[in-house]
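For this one, chain R is given, so just place chains D, S and W on it according to the hints.
Each chain is listed here by its residues.
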Amino acid sequence: MTVRVQTEDFDVGFELNQLRHVRKDTGAIVSFVGQVRDLNDGDTVTRLTLEHYPGMTEKALEGIINQAKTRWNFFDALIIHRVGSLKPTDQIVLVAVSGAHRVEAFKACEFIMDFLKTEAPFWKKEVTQDGERWLEAKQSDDLARERWAKTIA
Amino acid sequence: MTVRVQTEDFDVGFELNQLRHVRKDTGAIVSFVGQVRDLNDGDTVTRLTLEHYPGMTEKALEGIINQAKTRWNFFDALIIHRVGSLKPTDQIVLVAVSGAHRVEAFKACEFIMDFLKTEAPFWKKEVTQDGERWLEAKQSDDLARERWAKTIA
Amino acid sequence: MKIKIFYFARLKETLKFSTEDLELPDDAFAQALTILKLKALLAKRSDVWQQMLLGKLKVRGAINHELVDDNAKIVDGDEVAFFPPVTGG
Amino acid sequence: MKIKIFYFARLKETLKFSTEDLELPDDAFAQALTILKLKALLAKRSDVWQQMLLGKLKVRGAINHELVDDNAKIVDGDEVAFFPPVTGG
Numbered sequence: 791m792t793v794r795v796q797t798e799d800f801d802v803g804f805e806l807n808q809l810r811h812v813r814k815d816t817g818a819i820v821s822f823v824g825q826v827r828d829l830n831d832g833d834t835v836t837r838l839t840l841e842h843y844p845g846m847t848e849k850a851l852e853g854i855i856n857q858a859k860t861r862w863n864f865f866d867a868l869i870i871h872r873v874g875s876l877k878p879t880d881q882i883v884l885v886a887v888s889g890a891h892r893v894e895a896f897k898a899c900e901f902i903m904d905f906l907k908t909e910a911p912f913w914k915k916e917v918t919q920d921g922e923r924w925l926e927a928k929q930s931d932d933l934a935r936e937r938w939a940k941t942i943a
Numbered sequence: 791m792t793v794r795v796q797t798e799d800f801d802v803g804f805e806l807n808q809l810r811h812v813r814k815d816t817g818a819i820v821s822f823v824g825q826v827r828d829l830n831d832g833d834t835v836t837r838l839t840l841e842h843y844p845g846m847t848e849k850a851l852e853g854i855i856n857q858a859k860t861r862w863n864f865f866d867a868l869i870i871h872r873v874g875s876l877k878p879t880d881q882i883v884l885v886a887v888s889g890a891h892r893v894e895a896f897k898a899c900e901f902i903m904d905f906l907k908t909e910a911p912f913w914k915k916e917v918t919q920d921g922e923r924w925l926e927a928k929q930s931d932d933l934a935r936e937r938w939a940k941t942i943a
Numbered sequence: 190m191k192i193k194i195f196y197f198a199r200l201k202e203t204l205k206f207s208t209e210d211l212e213l214p215d216d217a218f219a220q221a222l223t224i225l226k227l228k229a230l231l232a233k234r235s236d237v238w239q240q241m242l243l244g245k246l247k248v249r250g251a252i253n254h255e256l257v258d259d260n261a262k263i264v265d266g267d268e269v270a271f272f273p274p275v276t277g278g
Numbered sequence: 190m191k192i193k194i195f196y197f198a199r200l201k202e203t204l205k206f207s208t209e210d211l212e213l214p215d216d217a218f219a220q221a222l223t224i225l226k227l228k229a230l231l232a233k234r235s236d237v238w239q240q241m242l243l244g245k246l247k248v249r250g251a252i253n254h255e256l257v258d259d260n261a262k263i264v265d266g267d268e269v270a271f272f273p274p275v276t277g278g
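In order, the protein sequences belong to chains R, D, S and W.
Quick note on our numbering: the first sequence kicks off at 791 and runs consecutively.
Quick note on our numbering: the second sequence kicks off at 791 and runs consecutively.
Quick note on our numbering: the third sequence kicks off at 190 and runs consecutively.
Quick note on our numbering: the fourth sequence kicks off at 190 and runs consecutively.
Isolated chain R, as found in the complex (with noise of 0.2 Å):
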């Protein structure tokens, strides 16, 4: 299992190669790159700051890792996310998770995505044209996270 905050940007195709040859029976690896809109609830961003609470950031990734593992088979998982200052177009956050088969990776990866986007302590703010604005925690957001809570795998 890794986890890792940083500021610098990050590649894609490295890590999912490194992901992939952990084991020789891995069969399957589901990745979700998340980055920047230019676009937010019809206006255009020029920025995006993203702040984060140290060290709470990383225990959280990780437990939300140890929760899919409680859940799935699955032989590795990988979270990298951006903090600072970002434009769009920049990758924000990579998610990738190997196994030896497609729908346990699947499941896996979509689990910590949803719990990542409400749990982990990451706080994005925008520039548009009319200022800056913290973003608002999305409702779709939490009812994604509750999917999980009705379904036994």
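Treat the hints as calculated values from the structure; they're not laboratory data.
Mixed in with the good hints, there may be bad ones.
As the list claims (entries may be wrong) - Pairs of lysine-lysine residues, derived as DSS-like cross-links and limited to a Cα-Cα distance of at most 25 Å, are as follows:
(1) Lys849/R <-> Lys262/W
(2) Lys193/W <-> Lys849/R
(3) Lys201/W <-> Lys245/W
(4) Lys262/W <-> Lys191/W
(5) Lys928/D <-> Lys247/S
(6) Lys928/R <-> Lys245/W
(7) Lys205/S <-> Lys193/S
Values in this document were obtained by computation on a predicted structure and should not be read as measured data.
Then chains D, S and W, alone, in the frame of chain R:
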């Protein structure tokens, strides 16, 4: 939409980078990479040969992406599938979907994989210590596909 | 009528045929040709053909690059294919 | 008792505090300190603090890097944090 069937390997980092720059309002890229496992049904695999039906394959894969398009809003989708002779840890397939938000991209990517596994004309033959064998279709793959019939979205 | 037939995977390997052009007289049989009737016709070639096309192996058919079921009609000029359930991905 | 408090995002920006060390007399109040009681104590500092901690903004609390609810108990040496709902990913 891009569909490629090829003997050569592919560069996941390059492909995902292309995909995420198709539109500046892309927020999410979900991808699946399948690779040759060195173990299958308890046997050591030394080679894997992938045969396909040229002409039909491309049409089937495009059809699957179009089916996904009728269900979810996503921006673009990419399928690369290798054929020919492969060895353990070689990459077999890449499916990647870009969109504004993660939920649609996750669903579409998983849907495309489930239909690719059951409808695209590819056949695998393994070489193990006991000789060659054609892989049997798995019931779990049929069940994975049937999940989508039961869900509205 | 003339049709083209392709065989894939285990079928190709066992029948030792990857493709063939088949010409049939334009009679009532040809007018009503379906995937199942074509399988039955080909199965008459030998025990191996019988086993492969109408035996335990589940054989799927395609017409002009579309997966179809056993009752699908075949017409002049069609490209037909027979193969086992797919195992890609 | 001594605790450390961190503020993040909109709270940090508006309160103009990112962290502070708070010392409280070891009395009955301190013995029974919870997230909600600490919010109420801090809210007495000014209208802005009142608005930020007990106003419309939903404020989440953490103790020693764990998300907790308003009734969670705070003890000597704890690291407490207040922040709005998270928006990462």
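Tested hints:
A distance of roughly 20 Å separates the Cα atoms of Lys849/R and Lys262/W; the hinted pair therefore holds under the 25 Å criterion. The suggested pairing of Lys193/W with Lys849/R holds, with an alpha-carbon distance near 18 Å, which does not exceed 25 Å. Among the hinted pairs, Lys201/W with Lys245/W is consistent with the structure: their alpha-carbon atoms are about 16 Å apart, no more than 25 Å. For a cut-off of 25 Å, the pair hint linking Lys262/W to Lys191/W stands: about 14 Å separates their Cα positions.
A threshold of 25 Å between alpha carbons decides the hint, and for Lys928/D with Lys247/S the separation of about 13 Å falls inside it, so the pair holds. With a C-alpha separation of about 16 Å, the suggested pair Lys928/R and Lys245/W falls inside the 25 Å cut-off, and the hint holds. For the given pair, Lys205/S sits about 16 Å from Lys193/S by alpha-carbon distance, which is consistent with the 25 Å threshold.
When held up to the earlier numbered hints, the structure conflicts with none and fits them all.
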